[in-house]
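Participant: Build the full structure now, drawing on both the sequences and the hints.
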Amino acid sequence: MPLTEQQIERYSRHIILQQVGGAGQEKLLASRVLIVGAGGLGAPAALYLAAAGVGTIGLLDGDEVDLTNLQRQIIHHTDDVGRRKVDSAAEKMRAINPDVSVRTYDVWARAENLREIVKEYDFVIDGVDNFPGKFLINDACYFERIPFCHAGILQFEGQLMTVLPGRTSCYRCLFPSAPPPGAVPSCGQAGVLGVLPGVIGSLQATEAIKCLLGIGDLLTDTLLTYSALTMEFRKVRVSRNPDCALCGPNATITTLVDEGDVACDEKGCRC
Amino acid sequence: MKLTVNGKEVGLDRSLLVRELLADRKVKMPEMVSVELNGRILRRSEFDTTALNDGDTVEFLYFMGGGRATHRTTD
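For the protein sequence lines, the chains are A and B, in the order given. For the first sequence, position 242 (counting from the first letter as 1) is numbered 353 according to my numbering, and the numbering increases by one without interruption. For the second sequence, position 28 (counting from the first letter as 1) is numbered 715 according to my numbering, and the numbering increases by one without interruption.
No lab work stands behind these hints, which were simulated from the structure alone. Glycine is no exception: its CB is placed at the ideal position from the N, C-alpha and C atoms. Certain hints may be false.
Some chain A residues flagged as far from chain B (calculated, every beta-carbon gap over 10 Å) [what the hints assert, rightly or not]: (1) Arg-124; (2) Gly-132; (3) Gly-173; (4) His-188; (5) Arg-194; (6) Glu-202; (7) Ala-206; (8) Val-239; (9) Gln-270; (10) Pro-276; (11) Thr-279; (12) Pro-287; (13) Pro-290.
Cut-off 27 Å, straight-line C-alpha distance, at most; resulting in silico cross-link-like pairs (DSS-like, lysine-lysine) [unchecked claim]: (14) B/Lys-695 - B/Lys-715; (15) A/Lys-346 - B/Lys-695; (16) A/Lys-321 - B/Lys-715; (17) A/Lys-230 - A/Lys-203; (18) B/Lys-713 - B/Lys-689; (19) B/Lys-715 - B/Lys-689; (20) A/Lys-203 - B/Lys-713; (21) A/Lys-346 - B/Lys-715; (22) A/Lys-203 - A/Lys-346.
Facilitator: Right, dumping it as C-alpha cells:
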C-alpha cells in the first residue's frame with residue numbers, strides 16, 4: 112500500500128536512508144513480528160518496532176505487571192501494576208504509532224499453542240526469561256522455519272544470536288538441553304542491571320528490522336556477548352552442531368514438546 | 688602452555704582436562720556452561736575426557752535466561 116503524506120513525514124528519517132527508502136518502509140508496514148515476553152527484553156523491542164512502523168506486532172505474555180518489573184520493563188508504568196502485561200504494553204505501542212496493529216496473546220508459550228502462533232509471523236523475538244521457553248521458541252521457529260533472535264541477560268551481561276532455522280546454528284546447537292532445575296537459583300539472588308535488557312532488546316529489534324528489510328549482515332552463526340561492566344562486545348563464532356538433536360543430521364526432536372514449566376515457580380519470584 | 692579462554696590468553700603449568708579448566712577458571716556451576724573448543728561445541732561427556740593442548744581456543748558459553756541467576760565465575 113502506498114504511504115500516506117502523514118506516513119511519509121512520520122517515517123522520513125527511515126525513508127531518507129538509502130537502505131530503507133519508501134519501498135523499505137512499505138515493507139515494514141506489511142511485516143509481522145511476534146515478541147514472546149513483554150518484559151525487560153520485549154519492552155524496548157516492542158516500543159522500537161512500533162515506532163518503526165512494523166505493521167503487525169504480536170505480543171505474547173501470560174503475566175501481570177509487578178512493581179519489581181518497573182526497574183527495567185520500561186513499557187510498563189507505575190499505574191500499570193496489576194494489569195495484564197500484554198494490555199499495558201499494547202496501549203503504549205498504539206499510543207506511539209496508530210499505524211501498528213497489535214495482537215495480544217495473554218497466555219504462556221506452550222507446546223500446544225506456539226507453532227500455530229509463530230507461523231502467523233515473519234520474525235520472532237525471544238524475550239522470555241526462562242530456559243524451557245527459550246527451547247520452545249527455538250523449536251517452534253525451527254519447525255515453522257521462522258527466523259528469530261534469541262537473547263539472554265544476567266546481572267551485567269547479555270547475549271544474542273539470530274537464527275535462520277535449518278540454515279544457521281540454532282539455540283540447541285549451543286545449548287543442547289535445559290539445565291537441571293536445581294542448577295537455577297531464583298532471580299532474586301541474581302539481579303539484573305535495569306538498562307541491560309534495554310541494550311539487548313534494542314539489538315534484537317535491530318536484527319528484526321534488518322531481517323525484514325533484507326539489509327546488512329544478520330548475527331547468524333555468531334553469539335554476541337556484551338558486558339556492561341567492561342563495555343566489551345564479543346562475537347563468538349558458533350558453527351552448526353552435527354550433534355544437534357533438533358537441526359542436526361541425526362535429529363531426535365521431531366515434535367514440539369515442553370521441557371518444563373515455562374512460568375517461574377520460585378515462591379515470590381518476579382522474573 | 689597457553690590457551691585463549693573467552694578471548695583472553697591464559698597460561699597453564701600443565702595440560703588440563705576441560706572439566707579441570709572449568710574448575711581452574713572458577714566456574715561455579717559448570718552445568719550452566721556450554722564449552723566450545725576450537726569452534727566445536729563439546730558434548731558434556733567430553734568434559735572429562737578431553738585434554739586441552741597448547742594454542743587451543745576455548746569459549747565458555749553461559750546459559751542466560753532473563754533476570755534469573757545461573758552460575759558465573761567470580762572474575
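Participant: Going by Cβ atoms, does A/Glu-202 stay more than 10 Å from chain B at every point?
Facilitator: With a cut-off of 10 Å, A/Glu-202 remains clear of chain B, as the shortest Cβ separation is near 22 Å.
Participant: For a C-alpha distance cap of 27 Å, please report whether A/Lys-346 and B/Lys-715 respect it.
Facilitator: holds, 24 Å
Participant: Quick one: work out the minimum CB distance from A/His-188 to chain B and report holds if it exceeds 10 Å, violated otherwise.
Facilitator: Correct as stated: the minimum Cβ-Cβ distance to chain B is 19 Å, above 10 Å.
Participant: At 10 Å, judged by beta carbons, does A/Ala-206 keep clear of chain B as stated?
Facilitator: A/Ala-206 is indeed farther than 10 Å from all Cβ atoms of chain B, at 25 Å.
Participant: Taking the shortest Cβ-to-Cβ distance between A/Arg-124 and chain B, state whether it exceeds 10 Å.
Facilitator: holds, 32 Å
Participant: Does the claim that A/Pro-276 lies outside the interface with chain B hold up, using a Cβ gap greater than 10 Å?
Facilitator: Non-interface label stands for A/Pro-276: nearest chain B Cβ at 18 Å, farther than 10 Å.
Participant: Please confirm whether A/Gln-270 is truly not at the interface, meaning its C-beta sits more than 10 Å away from all C-beta atoms of chain B.
Facilitator: violated, 5 Å
Participant: Holds or violated: is the Cβ of A/Thr-279 farther than 10 Å from all Cβ atoms of chain B?
Facilitator: holds, 14 Å
Participant: When you look at the beta carbon of A/Gly-173, is every beta carbon of chain B farther off than 10 Å?
Facilitator: Holds, because the least Cβ-Cβ distance between A/Gly-173 and chain B comes to about 14 Å, which exceeds 10 Å.
Participant: Quick check for students: does the CB of A/Pro-290 sit more than 10 Å from each CB in chain B?
Facilitator: Non-interface label fails for A/Pro-290: nearest chain B Cβ at 5 Å, not farther than 10 Å.
Participant: Taken at face value, is the distance from the CA of B/Lys-689 to the CA of B/Lys-715 at most 27 Å?
Facilitator: holds, 22 Å
Participant: Please settle this one: A/Val-239 was flagged as non-interface, so is its CB more than 10 Å from every CB on chain B?
Facilitator: violated, 7 Å
In this structure, the earlier hints numbered 8, 9, 12, 13, 16, 20 and 22 are contradicted, and the remaining ones agree with it.
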